[in-house]
Amino acid sequence: MTHSVIELPVNADDRRIARLAALAIGLTLAEAAIPSPLPGVKPGFANIVVLLVLLQHGWRAAVWVSGLRVLAGALLFGTLFAPGFWLSAAGAVVSLVVLALARHLPSRHFGPVSLSVLAAFGHIGGQVALAGLWLLPGTALLKLLPVFAAAALIFGAVNGVIVARMLAAPASVGRQSAPCTPP
Amino acid sequence: MLLRAGDVGVLFAGAGLVVALTLYAWSGGRGDRVVIRAAGQVVKTASLSQPQTFSVDGPLGTTQIEIEPGRARVARDPSPRQLCVKQGWLTQSGQAALCLPNQVSLEIRGRTTAYDTLGY
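Sequence lines, in order, name chains A and B.
All the letters of the first sequence, read from the start, carry residue numbers 0 to 182 under numbering that gives the first Met the number 0.
All the letters of the second sequence, read from the start, carry residue numbers 0 to 119 under numbering that gives the first Met the number 0.
Just chain B, with the same shape it has in the complex:
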C-alpha cells in the first residue's frame, strides 16, 4: 500500500496550505481604500467595501467616480482625451487614475503599497 488514508489527508492538507499561501501572498496588492483628490487636496477617502458614486468639481466641470466592492473607476469626466476614464476599473493598491485637465485624481490604497511614491 503506497498511500494510506492518512496520507491522502496529509496531501490534501498540504494542497490546502499551498492554496491558502497563494491567496495570502499574491493578493496582498489588492486595495481596500480609495483616495480622491481635487487640485491636489484630498476631498474624499472611502472604503472599497460598498458601491457608491461621488461627484467632484474641477475647473472644467464635474468628474464622476464610481466605487464597487474591491474596485473603483472614473465613470465620467469632462477632460478632452478621457484618459482617466479609459483606464477602467482600478483594483490594485498603488494604482491611480489622473484626470489632469480637470485636476481630479483617484488613487487606490491597500495593506501594502507597491511603491512609496509615484511621480507623473
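Excised from the complex, chain A in its bound form:
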C-alpha cells in the first residue's frame, strides 16, 4: 500500500489573503452585535478591509478576501445558503464589479472615499435587487429604498474616511501588509 501525500503549496500571498480575510470576518461578526433598526442596514466595516486590500494588493486579492468573508461569515452565523447568505453574496458581487470599474478613475481626483461610497451603493443595490426580484417582489421595498441609499451614503463615506486615514498612516499599514514568514 502506497502512502501518498498531497501537498498544497502555500505562498506568502495565500497567507496574507487568509489573514486579511480573517480580519474581515472578525469585523463582520463584531458588527452583527450592533443592533440595527432595519435588516440590511449595517456599517459594513468588513468593507474597510476589502478596500484596503484592493488599494494595496489589487482587485483579485480583494475578490478573494470578500468571497472568503461572505462564505466563512455565513458558516459562522449558520446561515450558509440561507436567504441572508445570498443577499450578502449578491451585495459583495455587485460591489466588487463596481470597484473593478471605479478603481480606474483617476486617483488624483478620486480617493478611497469615492471607492467606498460607490462600493456601498453597489452593495446595497445588489442586495435590494436580489431581494426585490426573489424574496419580496412588489413595491414593499420601494418605500425603503431612500433609507437604504442614505445608509449606504453615510456608512460608505465613514468607511472611506477610515481607509484614507489608514493609508495616510504608513507605519501601521506597512506592518499589516508585511509578508508573513512561514513557520
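Errors might be hidden in some of the hints.
Calculated Cβ distances over 12 Å to all of chain A for the following chain B residues [claimed, not checked]:
no.: 1; residue: Thr-21
no.: 2; residue: Gln-51
no.: 3; residue: Gly-69
no.: 4; residue: Gln-86
Partial selection, computed: residues in chain A whose CB lies under 10 Å from chain B [unchecked claim]:
no.: 5; residue: Gly-77
no.: 6; residue: Ala-81
no.: 7; residue: Leu-114
no.: 8; residue: Gly-155
Short, incomplete list of chain B residues facing chain A, as computed with Cβ under 8 Å [claimed, not checked]:
no.: 9; residue: Ala-4
no.: 10; residue: Gly-13
no.: 11; residue: Leu-20
no.: 12; residue: Leu-97
no.: 13; residue: Leu-99
Because the hints were derived from the structure by calculation, they are not lab data.
Note that beta-carbon positions come from the ideal geometry of N, C-alpha and C, so glycine has one too.
Starting from the structure of chain A, add chain B where the hints point.
Structure of chain B alone, referenced to chain A:
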C-alpha cells in the same frame, strides 16, 4: 488629503441619488385624478392638473367641488353636518370625501392606490 475633488463630487451625486429616491418612493401616493360620484354613479372623472369647479346635484341640493393642481375638495354642500366639507383638501391617492346626505362622493386616484377597496 482625506477628500479629493472627485470625492466631493461622488458624495454630492450620492446625496442627489438619495433625494431623488426619496421623492420617487415617498410621493407615489399622490393622486393625479379625481372621481366624482352621485348616487353611486360616476358623473365626472377629472385630472388634478388644472383648477376648475364642478357642481353636482343630489337629493338635498347642489354640491360644489373645487379642483386645484394636485388637490381637490368639496367646497360647498347642503349636508347638515358638513363632514365632507370639513375634510378639506385631499391629495393622496385613495382619499375620499363622502357627502352621504346628498349622495355625492369625491375620490382621489393615483399611480398606486394604498387600498384595493374601502368600505364605509
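Now for the hints, and whether the structure bears them out:
1. Thr-21: Violated, because the least Cβ-Cβ distance between Thr-21 of chain B and chain A comes to about 4 Å, which does not exceed 12 Å.
2. Gln-51: Non-interface label stands for Gln-51 of chain B: nearest chain A Cβ at 31 Å, farther than 12 Å.
3. Gly-69: Nearest chain A Cβ is 21 Å from Gly-69 of chain B, so the label holds.
4. Gln-86: Gln-86 of chain B clear of chain A: closest Cβ-Cβ about 25 Å, beyond 12 Å.
5. Gly-77: Violated - the Cβ of Gly-77 of chain A stays beyond 10 Å from chain B, reaching only about 33 Å at its closest.
6. Ala-81: Violated, about 28 Å.
7. Leu-114: It holds, given that the least Cβ distance between Leu-114 of chain A and chain B is near 9 Å, below 10 Å.
8. Gly-155: For Gly-155 of chain A, the interface hint holds, since the closest Cβ of chain B sits about 7 Å away, which is under 10 Å.
9. Ala-4: Nearest chain A Cβ about 5 Å off; hint holds.
10. Gly-13: Nearest chain A Cβ about 4 Å off; hint holds.
11. Leu-20: The hint holds - Leu-20 of chain B has a Cβ within 8 Å of chain A, the shortest such distance being about 5 Å.
12. Leu-97: 27 Å, violated
13. Leu-99: This hint is violated: Leu-99 of chain B lies away from chain A, its Cβ roughly 32 Å from the closest one there, beyond 8 Å.
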